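Undergrad: Chain by chain, the residues run as shown.
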Amino acid sequence: MEWRKIRSWLIVMVLAVDLFLAGNLLLQGLAVRQNERQAAQDAVAVAQSRGIEISLEAVLRLPEEMTLWQAQRSDQLEGAAAQALLGTVRRESPGGGVAIYTGASGQMLFRRGGALELDGPWNGTAFDAATCVEVLENAGFALDEAQTLQTDGQVQLIQQYAGYPIFNSRLTCQNGEGRLQAEGRWMLTEEPVAAGASLSRAQLVLTLCDLLESRQTALREVQAGYCLLSEDGQSLTLEPVWAVDTADGRILISCISGETLNG
Amino acid sequence: MADKLKNLLLAVLLLIMASLLALTFFVSIQGSQGGNRLLQSREESESLVIPVTSSPAAQPEELALLGAQGLFLARDGETYDQLYRQVEPLWQEALGSATALEPLATDAYLTLLQAPGVLLQYHTAQPMYLLRAWSGSEHTAEELEVTGLALVGTQNEVLLLVTDRQGGRWQAQTAASYNELDSLCAAVDVSNGQLAGEHAVVPADQVLTWQAHSCAAVQTSAAEMTQRGELSQTLLSLFGMNAYLTKVYPTADDSLVYVEGHSTVSLTPQGDLTYSGEGMDLELTAAAGTARQAEICGKVYDRMSLLWEQAGAGGTLSLETMQFEGDRGVLRFGLHLEGTCLERGEGHWATVTVENGRITGINAALRQLETGDSLRLLPTRQAAATLKEGRGVVRVRLLEQEAGLFVPQVCFVTEE
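Chains as they are written, first to last, in the numbering used here: chain F, 1 to 263; chain V, 264 to 679.
Accuracy of the hints is not assured; some may be wrong.
Stretch by stretch, here's where chain V covers chain F in the computed footprint (C-beta under 8 Å, at least three residues) [as the list claims (entries may be wrong)]:
#1 93 to 99
#2 138 to 144
#3 165 to 171
For lysine to aspartate or glutamate, the following EDC-like pairs were computed, each having C-alpha atoms within a straight-line distance of at most 16 Å [as the list claims (entries may be wrong)]:
#4 V/K651 - V/E461
#5 V/K269 - F/D144
#6 F/K5 - V/D266
The calculated label-pair distances, taken between Cβ atoms and stated as ranges, are [what the hints assert, rightly or not]:
#7 F/E259 - V/L273: 49 to 59 Å
#8 F/W9 - V/T287: 16 to 26 Å
#9 F/S257 - V/N419: 29 to 39 Å
Note that these hints are calculated values from the structure, not bench results. From a predicted model like this one, the values you see are computed outputs, not experimental measurements. We treat Cβ as the ideally placed atom computed from N, Cα and C, and that holds for glycine.
The whole structure should be built from the sequences, with the hints applied where relevant.
TA: Below you can see the structure in the form of structure tokens.
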């Protein structure tokens with residue numbers, strides 16, 4: 001009997017402690033978010049004091065933190081894609097990260113950095129975004145998140161990851177004389193692994209401020225996303241970036257290093 | 264049954280409490296100043312993992328594009344960096360997929376040098392097997408010493424053209440992307456130079472500019488690490504030395520000498536560093552031959568780049584010479600700043616000795632670089648026109664005038 005009473009009291013006390021600790025953690029988490037938000041506001045204020053207009057709302061709409069992802073090219077996925085699109089294929093690997101799949105009905109090349117070229121048969125149905133997506137999905141391309149644009153006989157597919165666009169990863173598909181021709185860049189890998197976290201929004205705002213000041217240009221829009229990069233023939237990196245649209249064009253700023261990726 | 268459920272409930276709540284306590288402790292550590300320092304010092308001592316990269320250890324001294332508008336030579340630092348970033352993946356792809364080299368007559372070579380094309384010239388001749396190794400190629404037995412490379416697009420294919428130290432020409436087919444090369448060269452909307460063509464002194468494929476351009480002088484000073492007056496724990500661990508066991512001795516000329524066992528590192532106030540000792544193990548995997556030499560080059564370059572970065576020194580190291588006798592090798596590095604070579608009056612910027620797979624000696628001149636006043640330089644076409652005898656190339660380099668000051672000059676460089 002006594003143990004039952006003690007146990008009941010223990011349950012109540014431990015439950016109370018758990019609720020207290022959970023509440024404390026929640027408050028700490030909220031405080032961290034609040035501090036980060038305040039730092040971003042302060043960075044925007046610093047930019048304004050230097051004569052650079054950066055919208056606070058635009059900055060706060062950007063994610064607090066983004067992840068750097070790494071993956072390896074997959075011979076299996078590439079081979080399966082080539083087989084689905086061309087039938088029986090023969091593989092050649094001349095080096096430099098180039099893989100060439102040749103079949104009776106066409107050829108498909110995979111290059112470093114996710115670059116690919118396809119010249120294969122088209123199944124004869126009307127060529128539009130929906131049918132193009134269906135054909136590529138059957139070949140193993142993950143297109144459920146992709147944006148599609150159709151213009152003048154061409155279909156453009158823009159890859160997305162975790163809800164963000166991969167700015168330099170797009171496929172341009174066109175149909176001519178019963179052929180499907182595709183060219184561009186696509187990440188065709190197994191699930192990537194996390195390899196790092198981005199700088200804070202405040203740090204990136206200050207970097208952006210320095211950049212706008214040095215180039216003497218004004219900010220129009222800023223958007224978060226990824227850039228598909230590679231250091232060698234086999235590895236792929238999804239680097240989180242801010243795409244900054246200015247009067248002089250688009251600049252991609254790495255959220256990992258703060259460097260400009262496109263000159 | 265009720266008893267068992269209550270026991271289970273209590274156990275689960277205790278487990279949750281332990282997890283929440285641990286999480287609270289960890290979050291508190293992260294949030295506190297002392298905790299951050301603790302975490303950072305742990306990260307510092309654990310994070311000196313030598314990055315294994317496949318970056319080429321030698322940077323081209325000249326980089327030019329052949330477009331529809333003509334030839335464009337990257338002159339200023341920003342343009343060079345931007346162009347190099349765009350060109351590197353393409354020439355890596357070309358070198359990696361190139362077939363075996365075949366000899367090519369000079370006339371045929373010059374005929375092939377048409378748009379679209381990329382031209383690279385090296386400061387010193389580089390072994391072909393190294394260039395191949397950096398691109399992941401399997402052809403690593405070629406014994407050429409390469410002074411220049413060209414990628415040219417012809418009939419929807421990309422050809423690799425190679426010039427060796429003796430002036431011989433070679434070609435190979437590649438699987439590099441013609442479309443990529445074409446769009447890279449199509450973006451060239453201005454021309455600033457031409458190929459030398461028939462010339463008594465410089466090679467026919469020497470790139471000569473017809474515009475004067477400005478180049479800044481560079482003032483050097485001791486690297487940041489030297490100015491701090493000590494080697495950090497991280498830097499000492501790069502030499503395989505334990506900061507807690509290392510003894511430090513000042514010398515009469517204000518240098519510091521760090522000693523641990525048989526290893527010593529000395530650092531002068533000017534930023535000259537010397538290491539000698541038992542050796543830093545490169546953990547080589549290749550057994551012998553050119554594969555082992557290529558691996559040594561890559562790993563030494565990675566470590567020296569890390570030393571440069573940790574010391575706060577400026578510029579980019581570039582391999583100049585590599586000599587092996589058996590399993591003993593000496594690698595010498597030059598320094599480039601945004602594509603322009605800095606030439607010291609006395610020796611190389613870094614010399615590394617490797618014996619039996621270990622680095623046993625390093626001499627390095629660690630300096631901060633600060634750009635100063637710009638000087639207007641003569642177009643290299645005009646400079647080449649004044650040359651009447653000898654055989655060599657025209658280059659723009661930063662030459663050491665007085666201690667620490669490097670001034671840009673147009674130079675005529677011969678084999679000697």
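Undergrad: Please go over all the hints and tell whether each is borne out by the structure.
TA: Cross-check of the supplied hints:
no.	hint	in the structure
1	93 to 99	holds (count 5)
2	138 to 144	violated (count 0)
3	165 to 171	violated (count 0)
4	V/K651 - V/E461	holds (13 Å)
5	V/K269 - F/D144	violated (47 Å)
6	F/K5 - V/D266	holds (12 Å)
7	F/E259 - V/L273: 49 to 59 Å	holds (54 Å)
8	F/W9 - V/T287: 16 to 26 Å	holds (23 Å)
9	F/S257 - V/N419: 29 to 39 Å	holds (37 Å)
In summary, the numbered hints that this structure violates are 2, 3 and 5.
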